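**Student:** Given next are the chains, with one letter for each unit.
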Amino acid sequence: MSTAALYKEFQRLVGPENVFSDASDLLTYSYDAALLPSQPPGLAVRPTSLEALGRVIRLCNQEGLPLTVRGAGTNLSGGTIPAHEGVVVVTTALNRIVEINQEDLYAVVEPGVINARLFAAAQKQGLFYPPDPGSMAVSTLGGNVAENSGGLRGLKYGVTRDYVMGMSFFDTDGQLVKTGSRTVKCATAYNLAGLMVGSEGTLGVFAQIILKLIPPPAASRALLATFDRMQAASETVSAIIAARIVPATLEFLDNFTIRTVEDFSGAGLPTEAAALLLIEVDGHPAQVAEEAQKVQDICRAQGATQVRPAADAAEKERIWTARRAAIPALARLKPSVVLEDATVPRSKVPELVRFITDLARRYDITIGTFGHAGDGNLHPTIVFDKRDTAQEQRVRQAVEELFDKALALGGTLSGEHGLGLSKTRFLAKEVGEATIAWSRRLKRAMDPKGILNPGKIVGA
Amino acid sequence: MGSVTQLARLVAELDEQLITCMRCGFCQSVCPLYGETGREADVARGKLALLDGLAHELLSDPHGVRERLERCLLCGSCAANCPSGVKVLDIFLKARAILSGYLGLPPAKKLLFRQVLARPALFNKLLSLAPRFEGLLTKPVDSLLDTSCARFTSPLGQRHFKRLARVPLHRLEPPRSTPAGASGLRVAFFAGCLIDKLYPGVGRAALKTLEHHGVGVEMPAQEACCGIPALSAGDTATFSKLLGHNLARLDPAKFDYMVTACATCASTIHKLWPLMCGSLAPQAQKRAKALAAKTRDVSQFLVETGLVSGQAPAPGPEAKPLTYHDPCHLKKSLGVAAEPRRLMAANPAWRLQEMVESDWCCGLGGSFSLEHYDLSQQIGGHKLEHIAASGAAAVATGCPACMLQISDQLSQAGRQVAVKHYLEIYAETL
Chain A
1 MSTAALYKEF QRLVGPENVF SDASDLLTYS YDAALLPSQP PGLAVRPTSL EALGRVIRLC
61 NQEGLPLTVR GAGTNLSGGT IPAHEGVVVV TTALNRIVEI NQEDLYAVVE PGVINARLFA
121 AAQKQGLFYP PDPGSMAVST LGGNVAENSG GLRGLKYGVT RDYVMGMSFF DTDGQLVKTG
181 SRTVKCATAY NLAGLMVGSE GTLGVFAQII LKLIPPPAAS RALLATFDRM QAASETVSAI
241 IAARIVPATL EFLDNFTIRT VEDFSGAGLP TEAAALLLIE VDGHPAQVAE EAQKVQDICR
301 AQGATQVRPA ADAAEKERIW TARRAAIPAL ARLKPSVVLE DATVPRSKVP ELVRFITDLA
361 RRYDITIGTF GHAGDGNLHP TIVFDKRDTA QEQRVRQAVE ELFDKALALG GTLSGEHGLG
421 LSKTRFLAKE VGEATIAWSR RLKRAMDPKG ILNPGKIVGA
Chain B
1001 MGSVTQLARL VAELDEQLIT CMRCGFCQSV CPLYGETGRE ADVARGKLAL LDGLAHELLS
1061 DPHGVRERLE RCLLCGSCAA NCPSGVKVLD IFLKARAILS GYLGLPPAKK LLFRQVLARP
1121 ALFNKLLSLA PRFEGLLTKP VDSLLDTSCA RFTSPLGQRH FKRLARVPLH RLEPPRSTPA
1181 GASGLRVAFF AGCLIDKLYP GVGRAALKTL EHHGVGVEMP AQEACCGIPA LSAGDTATFS
1241 KLLGHNLARL DPAKFDYMVT ACATCASTIH KLWPLMCGSL APQAQKRAKA LAAKTRDVSQ
1301 FLVETGLVSG QAPAPGPEAK PLTYHDPCHL KKSLGVAAEP RRLMAANPAW RLQEMVESDW
1361 CCGLGGSFSL EHYDLSQQIG GHKLEHIAAS GAAAVATGCP ACMLQISDQL SQAGRQVAVK
1421 HYLEIYAETL
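Those sequence lines, one after another, are chains A and B. With our numbering, the residue at position 318 of the first sequence is 318, and numbering never jumps. Quick note, our numbering runs 1000 ahead of the 1-based positions in the second sequence.
In case anyone wonders, no lab produced these hints; they're calculated from the structure. The structure displayed is predicted, hence computed values, not measured ones. You may find that some hints are simply not true.
To be verified - Covered by chain A, per the in silico footprint, the following chain B stretches (three or more residues, Cβ under 8 angstroms):
1) 1054–1066
2) 1361–1369
Said to hold, decoys possible - Per the computed footprint, the stretches of chain B lying under chain A, defined by three or more beta-carbons under 8 angstroms from a beta-carbon of chain A, are:
3) 1032–1044
4) 1074–1085
Claimed, not checked - No farther apart than 30 angstroms at their CA atoms in a straight line, the calculated lysine-lysine pairs in the DSSO-like style are these:
5) B/K1254 <-> A/K124
6) B/K1241 <-> B/K1294
7) A/K334 <-> B/K1125
8) B/K1286 <-> B/K1254
9) B/K1286 <-> B/K1271
10) A/K156 <-> A/K124
11) B/K1320 <-> B/K1271
12) B/K1087 <-> B/K1320
13) B/K1294 <-> A/K386
14) B/K1320 <-> B/K1294
15) B/K1139 <-> A/K334
16) A/K334 <-> A/K405
17) A/K443 <-> A/K429
18) B/K1109 <-> A/K334
19) B/K1109 <-> B/K1125
All C-beta atoms in this analysis are idealised placements derived from N, C-alpha and C, irrespective of residue type, glycine included.
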């Protein structure tokens, strides 16, 4: 089909107002939140119904057009940066919460529903959708599932993967494939939903997703523990888990991040501390009271110089405001930000933190480290100016060293951001060539023409 | 019109500010326009990317960029919520000026701004004639809201607009210079066009309030527009002319504060006069900055100086429910949200009944509403729903522009909810 005929056909499928071909519009679909070169697509379309979405996919496949699905474009690994002359399919109009079921505790959503909207809708009905990626105010559930997003509650409540009960997705012919169900148990057929979670748009395009909801905890309590040695903070994390307590969140801030947050927000953080742990336990009120006490005792026994339980909701809010301020505070130091998410077994956190401190010194770059200590999922955040090419080069080298170290410690390249374009070339180091070859065969079987988000994950 | 490379060089001057956007996309959660359209070019991140594209010559379509840049309410919700602190509005206004300088102003805007707005005497004269003819072309539709609509097919479309005041404020309340009373304070009162010409009652409530608190008032003859319509259109020439006109009439040495009851004027003077006065003589720049530093919203002034303080009385048993809309230019630009509420609480005849999302933009956005009325209405529709759901008998706000939009919405929907300025609520008790 000629370009003009194709353009007309897309217009017919989704309506003329939902096809974008101006250079200006296309430039706005050329990037996501990853610090990577942008690439404008050849066309962007915004289907307003699942039927139209299916037809768009079918047409792309017929014409061999690369197709990249985009929700909010908050991806941190370049997963939504399209291919040259490809088609960006924007899901923001596919944003219906189809069902929230109070008896059977699940929700059915279209891929463009924003995470925070489902959270609020579930909360209104006395239910809880726990996965809370940092982008939850804007990121879509389709994107969350495609990236297997995590968040602060990962330690106790798990990540997006743990809430996907089933889904329907379009294959490259625009046919609907169904997997999983609305039931707690489902042993029917292949667990394709498991395969689709984290597939970054390379194997199919989500139509509807069935997500598990749970009853919310009745009570919660937060506390802030200060340490003058990193090692002590880290051992505290292990000691809490060893005491059979699983906090809802167990966050860590390093000294540089503490000082930056304090400069930014004046929250009253101890700027001389080597590390802070922000801990929240939740559950039945009696259990919360008991666990909060135990956690305090453990913190002190492990050498915390100060332990401050939040007396009320306002104080609790202040503790979490400090954590939420980490990214904004660091981001304001320099124009460019690389937010890493290499993850290690929990017990290796101190070694990784020591390594990162040394890394910053050796490469003469600024790194603030904070994150989900309970998960071993830290966010070393490198701030710099990308216009300084020598500096950018040093940042890239440092990141490579960081990956090597995480792998050497038995960890993984990405805890929650996905591989996208940015980590593809490191994958062999973690899983080996045979895994990549197998994954490519799988991809070829599901997407023979290679139109689905080409270049991501396995580089095919 | 020069070459695109020349334009790129101009836009590149914004690079220091553009580069601070880390493309996180968090602006999507607060942008009223993106909330309706879901289009990346409508949200701040997209527009910043377009400007970056112009600066680095990835794009060669300045018309396309301008068109998208103008699809913006300039409400500042993005800037107020930006994790990286990107000065989005500063960038957008400067970019609009650069693009208008490069592409020229559309002829209608040029005529309106340069020949009318920039000449306050003529502007006043023209509008003083208008009410006499208003009845010929329009018909009243809602007496509670004092709105009317077009009798015949009109360029104003379906709007229900607030009728022009029979007598504008500057004729009801002549220029004055009164000494400080019990408060020991003197303020300049900057009325602003909308209060002068559409809502003189708000101006009178402000003057009554100031008098009640023993505040001396400086009100010069023939103030000009604060300049925001010109700045929004990128017409820096008209803006500079208006600013010069106002600076000649307002000597900051003569008063302690300058106050206004218009959120948009307050925000423009406080934030944009210092930012955009660069083309003026050094002495004038100094004066603009001094005035900006002294400028407050009336509620902000009264609370900051302690003239209104202490515990507000409990609402009476017969108190009517009143809801409040936070103007973007008060809450997001100036951080003023508690002060108007404190003033309204002083009136026990009303009981504040908060609506949800009280700080979601009303959708007017000045000229945005003229150029994109459908979108403006769509955004305003949420405000209408929230006002209705609050069950309030009246909705108050702190900006005459928001009052216009909310009146239009309520009038078209046939809702019997009065629209008031918070100062009108406060002044009822004086």
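**Student:** Would you mind marking each hint as holding or not holding in the structure?
**Tutor:** Cross-check of the supplied hints:
no.	hint	verdict
1	1054–1066	holds (count 6)
2	1361–1369	violated (count 0)
3	1032–1044	holds (count 4)
4	1074–1085	holds (count 3)
5	B/K1254 <-> A/K124	violated (55 angstroms)
6	B/K1241 <-> B/K1294	holds (21 angstroms)
7	A/K334 <-> B/K1125	violated (52 angstroms)
8	B/K1286 <-> B/K1254	holds (15 angstroms)
9	B/K1286 <-> B/K1271	holds (14 angstroms)
10	A/K156 <-> A/K124	holds (22 angstroms)
11	B/K1320 <-> B/K1271	violated (36 angstroms)
12	B/K1087 <-> B/K1320	violated (40 angstroms)
13	B/K1294 <-> A/K386	violated (39 angstroms)
14	B/K1320 <-> B/K1294	violated (35 angstroms)
15	B/K1139 <-> A/K334	violated (57 angstroms)
16	A/K334 <-> A/K405	holds (26 angstroms)
17	A/K443 <-> A/K429	holds (20 angstroms)
18	B/K1109 <-> A/K334	violated (39 angstroms)
19	B/K1109 <-> B/K1125	holds (19 angstroms)
The earlier numbered hints that this structure contradicts are 2, 5, 7, 11, 12, 13, 14, 15 and 18.
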